[in-house]
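In this note's numbering, the protein residues as written are 1 to 139.
Heads up, some of the hints might be wrong.
[Said to hold, decoys possible] Okay, derived cross-link-like pairs now, EDC-like style, lysine to aspartate or glutamate, Cα gap no bigger than 20 Å in a straight line:
(1) K31 <-> D85
(2) K37 <-> E25
(3) K117 <-> D85
(4) K31 <-> D46
(5) K124 <-> D106
(6) K31 <-> D44
(7) K124 <-> D85
(8) K124 <-> D14
(9) K117 <-> D106
(10) K117 <-> E128
(11) K31 <-> E128
(12) K37 <-> E128
If you are wondering where the hints come from, they were derived from the structure by calculation, not from laboratory data.
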Amino acid sequence: RSGASETTAEAQGDQVVHSAYAVDETVGRLKADIAAKGIRFFADIDQAQLGAGANIAIRPSRLILFGNPPLGVQFLSANRFAGLDWPVRMLVLEEADGSVTVAWTDFAYIGHRYALKNRDAQLKMASEVAASIASSVTR
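Full structure from sequences and hints, please.
As structure tokens, then:
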């Protein structure tokens, strides 16, 4: 299904957990937890499907976008370029061995990247919420 050169290597600022479920169930559980928390869901992008449309085969990969505007827009009000990382993005990947990984960018890293001032409490809250959502697939 995938090319020999396809690898998964974490990037700077990534937070990663391993899901106990297959890709589709992982995405479904993440969406359910997002909804249960009253967080706005924006998109579910099937990157493998996009690759297939371009005749490039990759393992299953889904990118979900979600966020709480009253919280996330505070990052944009501190530095509009923070919009490159908001709404929140969570990536769900199937690894070569069939295991599933969930990754997102750490909010402390985002705070540093955009030199966000006076947003420590909001960054901490966003980090806790993202970790809580991700934990919904580790049990």
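Evaluation of the provided hints:
1. K31 <-> D85: holds, 19 Å
2. K37 <-> E25: holds, 18 Å
3. K117 <-> D85: holds, 16 Å
4. K31 <-> D46: holds, 14 Å
5. K124 <-> D106: holds, 10 Å
6. K31 <-> D44: holds, 9 Å
7. K124 <-> D85: holds, 16 Å
8. K124 <-> D14: Satisfied, since the Cα-Cα distance of roughly 15 Å is no more than 20 Å.
9. K117 <-> D106: holds, 16 Å
10. K117 <-> E128: holds, 19 Å
11. K31 <-> E128: Within the cut-off at roughly 17 Å; holds.
12. K37 <-> E128: holds, 12 Å
Violation of the numbered hints given earlier is absent; every hint is satisfied by the structure.
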